[in-house]
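A.B. asks: Now for the letters of each chain:
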Amino acid sequence: MTPVLLVACVMGPQESTLVDDLQVVAVLAEPPEAGPGQSIALETVVVDTTDEGYDLWQWTCLGETCSPVEDTLFIPPTLPASEEPIPVFHWTLACRPGLCEDIEPTQDAPALLEDLPMEGVSLGLRWLGISTRERANPTIECAADGLCQVDGDFSEYSAVYPYSDVPGWETPSAELVPGDTEVELSWVGEESGTAWVVIVDGQGGVGLWTGDI
Amino acid sequence: MYSLLALAFAADPVLPEVVEAPIPIWPEGTDQTTVVEVTLTVVLSPQGDVLDVRVVEPGNPSFDAAAVDAAWETLFSGALDADGNPAPAQITYTVRFEPGAVVPLGADGVIVVEAERVTSEVVERTLTAEEIRYLPGTSGDAVKVVQNLPGVARPPLGTGNLIIRGTAPEDSLTTLDGSPIPLVFHFGGLTSVVPSDLLSEVAYVPGNASVRYGRTLGGVVDLRTTTTLPEESSAYVSVDLYQSAFFVQRRLSDSTSLTVAARRSYIDAVLTPFLSNGSIRIQAPRYYDGQVRLVHETDTATWDVLFYGSDDRFRFLGIDEDTEEDTVFASYADRFARLRLRRLDTRGPWDRETTLAVGPESRFFEFSTASEAIETNWSATFRQELNGSLTDTLSLRSGLDVQAGRQTYLFYLANVGGRDEGESPYFAPGVYSELTWQQGPTTLIGGLRGDVMSYGGPGSSGSVVLQTLDPRLTARYAVADFTTLKASVGRYSAFPDLRSIDVGGDGNPKLSPERSLQATVGFEQQLLGNLRVDGSVFVNRLTDQVVGREDRLRFFTGPPPIGPFDTDAYANDGVGQVLGAELLARYDGPSSTALLSVTVSNSQRQDRPDDDVELFEFDQPLVLTALWSQQLPRNWRAGIRLRYGSGNPYTPVVNSYLDLDTRTWRPVYGERSSGRLSPFFSTDVRIDKTWELRRFDLVGYLEIQNATFAQNPEYMAWNFDYSEEQPFVSSPPLPVFGIRGEF
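Residue numbers (the numbering used here), protein chains in the order written: chain A, 1 to 213; chain B, 1001 to 1743.
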């Protein structure tokens, strides 16, 4: 076990923070949970560093029923109202033109990838909630030096994840604890580029900051 | 384990006599002022030819070699049994080297004739404590040395896991004189918790074990302590790269001896200053173990009191930014203690062995401040076995094997949530009986074992009672003096663990025992006097295997569990089949030992009825080990071990997706077990040197494992998004140097 831990101590730009192809980086939902008869506004953030263009499919699955969705998710009023969230799976599939054909909404979305290449294809999964709770997304604002101001309920496991289109983030993630108002991410890149910093609160809330770095 | 038939001869047999014995040569360059005794065992053919010579009580390496060389040159007359027929024989005697004289072989010898070794096992391979100490590649470890023998696949990362005949490590049993050991290895494989010096031999039964052993579906490794008082007091102190140890064995009186031994690793003392960095302090792995043993002989029995225990621990500490106090990032501890009372009575017509062992054991893992895993077990084991002859041809072995105690478990992972905990007393009585019929060249052994497992009672959430009845049959036929054919078939059972059956958690109280039907057919052949070959083909049909809930947090040894995981509820849905053949060729020369073991096998599993049949995760179609150890002049000894093994199967990842809430990449697996790691190859070397000093002997050794630094993939890993395979390769060669002072 010790050798593995030693490897983890090696510092430098983290490969996992670099977006150098086509990637679904985030799906923002406002509000993160909504009750029956209400709607959730969706914003999908896809990064394409090659400018080759892509096709996009999005669908949600409630139980075994899956249906396409675009920028708004309507919650059927016939669903039971509950404080305990009912999960809705939101899938986003981005493909280079011509790579993905005849995509039908399915709850077993990973099975679609079995016959698709890894390059030029990106699949992302978000869990949305149907509930009568009033919840807010966490927020994040970062400066070019990597110092970020954060706000939200961090009582569950919460963290910040930086990404960029040029190598440079030395911090793959930073954990947040209740009371945190800022977090510092280490940037050691030599080029400038675009950064996306995602904040998650472990309760279904997601926030995003985008800017130059 | 040798039969006592020799004592039951109707008339006095004619014992072998020394016809012509050369005078052993005093070893060159050795101290000629001391007295040295070497005790040998010599195996003779019915015609008196020397077949095998072994050192039973060594003097020191040079004298041992001189005595052994002389034994091979000695001419003996043949032995006759009570019926006047030529019979194989085994003689034991001492060679005494004293200033100005060498007493010839046999002059002070005690000669006994013993019948052929009779064992209940169709395949049982034993290694003596002396062999364990010098064989290269396992650092003198009593359990790891078994990995050299046929039927054992190579475990990843050099752990001590025993993957025997295509079964999982947890399916095999490691015992101390027949009773299970709570923890076999420090940290999963660094070294076994029972030091080799406490043992007389290690017995390895790869399959078709006798009814003595139950609650297991795989092989058995039995560590056996001596049952006699030591001839004289002895002691040693040893120091190597990992640990220090001492061992003191004193003869307190004619009938009593006391042994005290202990070990302490100091990897932590060496590594902790280097690993600690500012606010993070790492307490590197450290372990203790200790043993105290008192043996007392009376007119009727031998009493053996043994206390042994072990304590493993490592911790990652940091400073809490708010309180500025020490906080634990991660911590692991594994410890047990056992008090064992054993009574051996071999003086009457029936051998009687009674063992009672009690003590606590616990495992603990803490991650951050919220996640933890704890398992505890307060257990008692009781074994009593009777063994004796009913008639000239019929003998009986019967025994009681009881385990009882109280188990608790708690698993909680903060990120995932959900507390998985439970506790229950358990009571597991077992009875067995075995009848052996031996007539001329034929031996038939029929046995029956019954076990019951009862979970539940005060403090638990329900009760479950399971029972098994396992018949077993073994046959041996001596085709000629040195050729034996053998076969065995039997049923084996194991009970589900508490966590999988616990009605209070998400276990399944309807689980039934796991089953195995095993069969072995083989031969044993003595060739050219000191070359022995034995081979077997075997099949193991596994049914009712407990599968499911592979996503649960649990303790494991070796590489991290790799998917895809079966996350459905526990069920007895798993089946499997293992087919294989194994061959062991062993040469024991006057001053050398060589061993070649080959195993070919195929091990398959089907977890659920609708699943495809897939390869077992440690399926290794070919495993080959060649080992040689040579005594050299001037008290040098050198050894080399070559190992080749097929790589383990793994399930390749064909794509991946991003979980946008947890920000982790999830693999999309391809066909299960359709990938296979590259083959493993390793060269291990060992050199020993003994210096005879005025008051003690000083032994130094150097052992290098994977001396050629072969880049062996240990298990498959991937980069962060599974787009690249990055197999974890074996560590670079690490020379281990040690010294040992023997008094």
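Rather than coming from a laboratory, the hints here were simulated on the basis of the structure. Treat the hints with care, since some could be wrong.
Said to hold, decoys possible - Not the full set, but computed from the structure, chain B residues with beta-carbon under 10 Å of chain A:
| # | residue |
| --- | --- |
| 1 | Asp-1177 |
| 2 | Asn-1655 |
| 3 | Ser-1656 |
| 4 | Thr-1662 |
| 5 | Arg-1663 |
| 6 | Val-1668 |
| 7 | Arg-1672 |
| 8 | Phe-1681 |
| 9 | Trp-1691 |
| 10 | Phe-1709 |
| 11 | Ala-1710 |
| 12 | Asp-1721 |
| 13 | Tyr-1722 |
To be verified - Here are a few chain B residues that face chain A, going by a calculated C-beta distance under 8 Å:
| # | residue |
| --- | --- |
| 14 | Leu-1511 |
| 15 | Phe-1555 |
| 16 | Ile-1562 |
| 17 | Asp-1566 |
| 18 | Val-1654 |
| 19 | Tyr-1657 |
| 20 | Asn-1719 |
| 21 | Ser-1723 |
| 22 | Glu-1725 |
The C-beta atom is built at its ideal place from N, Cα and C for all residues, glycine as well.
A.B. asks: Against this structure, judge whether each hint is valid.
C.D. replies: Evaluation of the provided hints:
1. Asp-1177: violated, 32 Å
2. Asn-1655: holds, 4 Å
3. Ser-1656: holds, 7 Å
4. Thr-1662: Interface hint status for B/Thr-1662: holds (7 Å vs cutoff 10 Å).
5. Arg-1663: Since the shortest Cβ distance to chain A is 5 Å, the answer is holds.
6. Val-1668: At 5 Å from the nearest chain A Cβ, B/Val-1668 passes the 10 Å test, so the hint holds.
7. Arg-1672: violated, 13 Å
8. Phe-1681: Check failed: Cβ of B/Phe-1681 comes no nearer than 21 Å to chain A, outside 10 Å.
9. Trp-1691: violated, 34 Å
10. Phe-1709: violated, 15 Å
11. Ala-1710: violated, 17 Å
12. Asp-1721: Check passed: Cβ of B/Asp-1721 comes within 7 Å of chain A, closer than 10 Å.
13. Tyr-1722: holds, 8 Å
14. Leu-1511: violated, 29 Å
15. Phe-1555: violated, 13 Å
16. Ile-1562: With Cβ-Cβ at 14 Å, over 8 Å, it is violated.
17. Asp-1566: violated, 16 Å
18. Val-1654: holds, 6 Å
19. Tyr-1657: holds, 4 Å
20. Asn-1719: Nearest chain A Cβ about 7 Å off; hint holds.
21. Ser-1723: At 5 Å from the nearest chain A Cβ, B/Ser-1723 passes the 8 Å test, so the hint holds.
22. Glu-1725: violated, 12 Å
In terms of the numbered hints stated before, the structure departs from hints 1, 7, 8, 9, 10, 11, 14, 15, 16, 17, 22, listed from lowest to highest.
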